[in-house]
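Kindly produce the complete structure, drawing on both the sequences and the hints.
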Amino acid sequence: MNGWTGKLLRVNLTTRETGVESSEKYFGYVGGKGMATRILYDEVPAGVKPYDPESKVVMAVGPNSGSSAPCSGRTTLCFLSTFTKGNAVVDAHIGGDVATQLKACGYDALIIEGASDVPVYINVKDDKVTVEDAAALWGMTTTETTAALCDKEGTGTTVMSIGKAGENMINLSCVITGVAHCAGGGVGAIFGSKKLKAICLYGKGGTQVADPKRVLALNNYVMSDLMGSNNNHVVPNTPQSFSEYDSPRSRWTGHPGLTWGAAPGGPVDTGESAPGQPTLMGYRCQKAVFDHGMIAEKYTTKMIGCTSCPVRCYGAVSLPQLKKFGRNTTHANTCLGNNPYGGLMKAYTDFEEEGDGKLTASVYSAILADDLGLWDNYGELKATLNYFMDNGYMEKILKPEEYAEIDWSKRESGDITFIADILTRVCDKNHTLSTLAQGAYFVDKQYHDLIGDDYINSAALTLWSTIGAKRHHGNECAAQVGMLTNVVYNRDGMCHTIVNITGSGLPYHLQRNIVEERFGKGCLDMPKNYTPMNEAKARFAKFGVVRQALHDSFTLCNWVWPMTFSPRKERGYKGDLSVESQYFSAITGKETSEEELDFMAERGIQLARAMTVKTYGTRDMRHEHDVIPEYAYSTEPDVPVFTEGTVKMEKEDWQLALSMFYKEFGWDENGAPTRETLEKFDLKDVADDLEASGLL
Amino acid sequence: MDNPNEERLSEAGQPGAEQQAGREAAALLAKIIYDRTAQNLVAPLKWLRRQAGPGMDEALLARLLSGVDEGKPCEELKDAAQVRGRKDVYYYSASIMTAQFARVQALIEDKDMLATIAEVTRRDCELYPRPAPFSKFAGYPFRFSMDELEGAAARMQMSDAYADIGVVSASNGAKAFYSSKFLSKAYARSLFEEIEVESREWQ
Chain B
0 MNGWTGKLLR VNLTTRETGV ESSEKYFGYV GGKGMATRIL YDEVPAGVKP
50 YDPESKVVMA VGPNSGSSAP CSGRTTLCFL STFTKGNAVV DAHIGGDVAT
100 QLKACGYDAL IIEGASDVPV YINVKDDKVT VEDAAALWGM TTTETTAALC
150 DKEGTGTTVM SIGKAGENMI NLSCVITGVA HCAGGGVGAI FGSKKLKAIC
200 LYGKGGTQVA DPKRVLALNN YVMSDLMGSN NNHVVPNTPQ SFSEYDSPRS
250 RWTGHPGLTW GAAPGGPVDT GESAPGQPTL MGYRCQKAVF DHGMIAEKYT
300 TKMIGCTSCP VRCYGAVSLP QLKKFGRNTT HANTCLGNNP YGGLMKAYTD
350 FEEEGDGKLT ASVYSAILAD DLGLWDNYGE LKATLNYFMD NGYMEKILKP
400 EEYAEIDWSK RESGDITFIA DILTRVCDKN HTLSTLAQGA YFVDKQYHDL
450 IGDDYINSAA LTLWSTIGAK RHHGNECAAQ VGMLTNVVYN RDGMCHTIVN
500 ITGSGLPYHL QRNIVEERFG KGCLDMPKNY TPMNEAKARF AKFGVVRQAL
550 HDSFTLCNWV WPMTFSPRKE RGYKGDLSVE SQYFSAITGK ETSEEELDFM
600 AERGIQLARA MTVKTYGTRD MRHEHDVIPE YAYSTEPDVP VFTEGTVKME
650 KEDWQLALSM FYKEFGWDEN GAPTRETLEK FDLKDVADDL EASGLL
Chain Y
0 MDNPNEERLS EAGQPGAEQQ AGREAAALLA KIIYDRTAQN LVAPLKWLRR
50 QAGPGMDEAL LARLLSGVDE GKPCEELKDA AQVRGRKDVY YYSASIMTAQ
100 FARVQALIED KDMLATIAEV TRRDCELYPR PAPFSKFAGY PFRFSMDELE
150 GAAARMQMSD AYADIGVVSA SNGAKAFYSS KFLSKAYARS LFEEIEVESR
200 EWQ
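Top to bottom, those sequences are chains B and Y. By numbering that gives the first Met the number 0, the letter at position 252 of the first sequence is numbered 251, and the numbering carries on one by one without gaps. By numbering that gives the first Met the number 0, the letter at position 8 of the second sequence is numbered 7, and the numbering carries on one by one without gaps.
The set of hints was computed from the structure by calculation and includes no laboratory data. Careful, some of the hints might be misleading.
[Unchecked claim] The calculated EDC-like cross-link candidates involving lysine to aspartate or glutamate, where the alpha carbons are at most 16 Å apart (straight line), are: (1) K527(B) - E192(Y); (2) K110(Y) - E147(Y); (3) K24(B) - D51(B); (4) K527(B) - E643(B); (5) K647(B) - D146(Y); (6) K184(Y) - D637(B); (7) K647(B) - E192(Y); (8) K194(B) - D126(B); (9) K662(B) - E534(B); (10) K683(B) - D41(B); (11) K184(Y) - E643(B); (12) K568(B) - D224(B); (13) K174(Y) - D146(Y); (14) K203(B) - D268(B); (15) K527(B) - E197(Y); (16) K180(Y) - D159(Y); (17) K86(Y) - E108(Y); (18) K345(B) - D406(B).
The structure presented is a predicted model; accordingly, all values stated were derived computationally and were not measured.
Here it is as structure tokens:
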């Protein structure tokens, strides 16, 4: 079989039985997210809660993973949300080596069901699958667990594990692989509820592709002509000899004179890496400097990333300053993961040079959080902790002895052990601080009498919806378009299709001309100078989430794809949005057009929306789900909406935006799929199910 | 954006084959320009004159380069292009350097800091649009110090030639130049806040 392995692995933690089934009936969902969502729909009845033994976690990859395609080392995990309203279906994504190892073991998906009474780990070595005792691992950090299991199961084993947060079923917890690659969404807590400490994967198989020469040609085409750097930023951060354009926002940070300063053997100059030089792509993204500033240059050892990714977006640093805190001195992460909780501090104490205090706090907090397996919900947990500290609520919610045992002055004095003081207690289910890691929706419910309506609606929190989902990305990115991309999710949307366009670094007029060609006039406004909603924007937003769903299903990194733009002037900077379907055809041997593949990806979105309707027990998604908080309407109070300099939304316009978006998806005015739409996507059984529940 | 000062060369105007020595000199000149360009630098005319060695006297150099200047280069120099700065004329190989980067290098070679800041700022504000962060000028390839940039900002305030150039700040204290010909101060400040603070917060 080409692309897919054709097999699902099922592990029951209650009985410790394992089994293999055909995955073929799910191919219509592409794989990954689509496949996993359908399995969850088929196997987890509505009403089951995330920590119930009947709850399941489905880990799935698509035909692309293992094929060698750039950025194909992604895995999607599908499960019930632990932290947002209704505990509806969500998916999380993990990189590292997980996707290729799962395929190498011979599986398209791993279904984890049941619950163990004692700590266990799942050990998959090709077709030998066992559930092993993990008593000795329980209580270990994720780094310790990884090391212990690699020692036991052999070098080359990929380990996914939970830390203290997951063990204690803290809603905002994650699964970590490769020390820092993270699947969030609260899945760590579901692992904990099942007493599942870790999963080990080691396979010696491979992914068969139908047309290897075509795949290789596509790889060369994509890496030479279409890819820029992280988030497919297609112009460099600084003026460079090969480029007409530059952008200070671009993650194409490499340039002559900028180094990996702590590389073994001496500094490595990132230099210029013009389009057409795929072997130099790994020098383009000096992410440690992008995330931490120039001070990180001399501490940078290299860039790392997921299997099969030429971008390398993880900045690895070696920071001797961490020795005094008894921590590892090396770490690698990216984006918010590089500084998840340094912002809890009000001040930083420098160690050896100006600015290294903040850098040390960032890396220290990243190591700590990854070791605890504590998920930040795209900054929501840090924002919540700061909200409660800054507004004087800590003294009111903590027990007197709990409040007294924390030295709050460390926050002001720059003693970064304060971060550990807070986070270790957040991961202690018996400590009241842990209630702040329930997710914003549940925090609001528990403390509403104290915090009123302000917290959930605040700019400090910056949710996209009052269901407790963080904005990632939203109206700060193409206004209504960015905000709409969240609507199909029960967590932060994580849609990068749109922000990769607006952040590409190309001049606005070039961005607009290229996307208007596809979605129509008016689909992309000037940055921070937005216009009222129109249908072109709705089409653009739909494209954003459909491609994201495709990537999460295929499986492919939406943090880089799709290839909307190109770094090449001779292409007019226009990318190629048909590449995914070309890969799909070359890998599976099933010639599939761009439109056909998008349709398959959309099937998963339609199913997930129907599942949300069923979980919520109402069709009224407009008022129960797609509700943006007040801050989005009230930011920059002195600047009128639809004028220069603001990203604020307007209430009637948002309702119009929803109507247009719903129409694009074939949903009714409530935002729920109709029978006609579900049947169009071969989801008649789902329509029947909704009807039987009085929801159609 | 095409640079109006840049001139690409055609094959027309080939000086003729009667002077083999001239052809060899042209090939050598092309190599000198190419090698300089490969180091991400442009070749100032004054510098090229110093490179003139045996077989390439000043008159021959002038003749060869005039072909480039007039868009009628000889075959050997058909890859060469020029950009005219305030203080010199600069040559580069167009196959490995964009006109825009050559323009930036010409500004740097001219060593007129205020003119450099103003030209780059106006282009950024008109084209992208966005203000030009101080950090852009502090980094590659400009490498001005922050003290120099603060001084330049102050001096530009006192010059009619730079009356449109102002400074905006982000909430983290970072600064950027903007041109009021293309951006209002409020819009420039808002865009700079997005560049400097918001886009890093919402990665």
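Right, here's what the structure says about each hint:
Taking the CA atoms of K527(B) and E192(Y), the gap is near 11 Å; set against the 16 Å cutoff, the hint holds. Between the alpha carbons of K110(Y) and E147(Y) the distance comes to roughly 13 Å, so the proposed pair stays at or under 16 Å and holds. As the CA atoms of K24(B) and D51(B) are separated by approximately 27 Å, the hinted pair breaks the 16 Å bound. Only pairs whose Cα atoms come within 16 Å are accepted, and K527(B) paired with E643(B) is accepted, the gap being roughly 6 Å.
A distance of roughly 36 Å separates the Cα atoms of K647(B) and D146(Y); the hinted pair therefore is violated under the 16 Å criterion. Of the pairs offered as hints, the one joining K184(Y) and D637(B) holds, with about 15 Å between alpha carbons and a cut-off of 16 Å not exceeded. The hinted pair formed by K647(B) and E192(Y) meets the criterion: a straight-line CA distance of about 15 Å does not exceed 16 Å. Pair hint K194(B) plus D126(B) does not hold up; C-alpha atoms about 23 Å apart against a cutoff of 16 Å.
As the CA atoms of K662(B) and E534(B) are separated by approximately 10 Å, the hinted pair is consistent with the 16 Å bound. In summary, the hint linking K683(B) to D41(B) is supported, as the alpha carbons are separated by about 13 Å, within the 16 Å threshold. The hinted pair formed by K184(Y) and E643(B) meets the criterion: a straight-line CA distance of about 11 Å does not exceed 16 Å. This hinted pair checks out: K568(B) and D224(B) have alpha carbons roughly 10 Å apart, not beyond 16 Å.
Taking the CA atoms of K174(Y) and D146(Y), the gap is about 12 Å. The hint holds against a cut of 16 Å. A hinted pair counts as satisfied when its Cα atoms are at most 16 Å apart, and K203(B) with D268(B) does not qualify at roughly 36 Å. For a cut-off of 16 Å, the pair hint linking K527(B) to E197(Y) stands: about 12 Å separates their Cα positions. Proximity of K180(Y) to D159(Y) is assessed by CA-CA distance (about 13 Å); at most 16 Å being required, the pair is judged to hold.
Distance check on the hinted pair: K86(Y) and E108(Y) sit about 8 Å apart at the alpha-carbon level, within 16 Å; holds. A threshold of 16 Å between alpha carbons decides the hint, and for K345(B) with D406(B) the separation of about 14 Å falls inside it, so the pair holds.
In this structure, the earlier hints numbered 3, 5, 8, 14 are contradicted, and the remaining ones agree with it.
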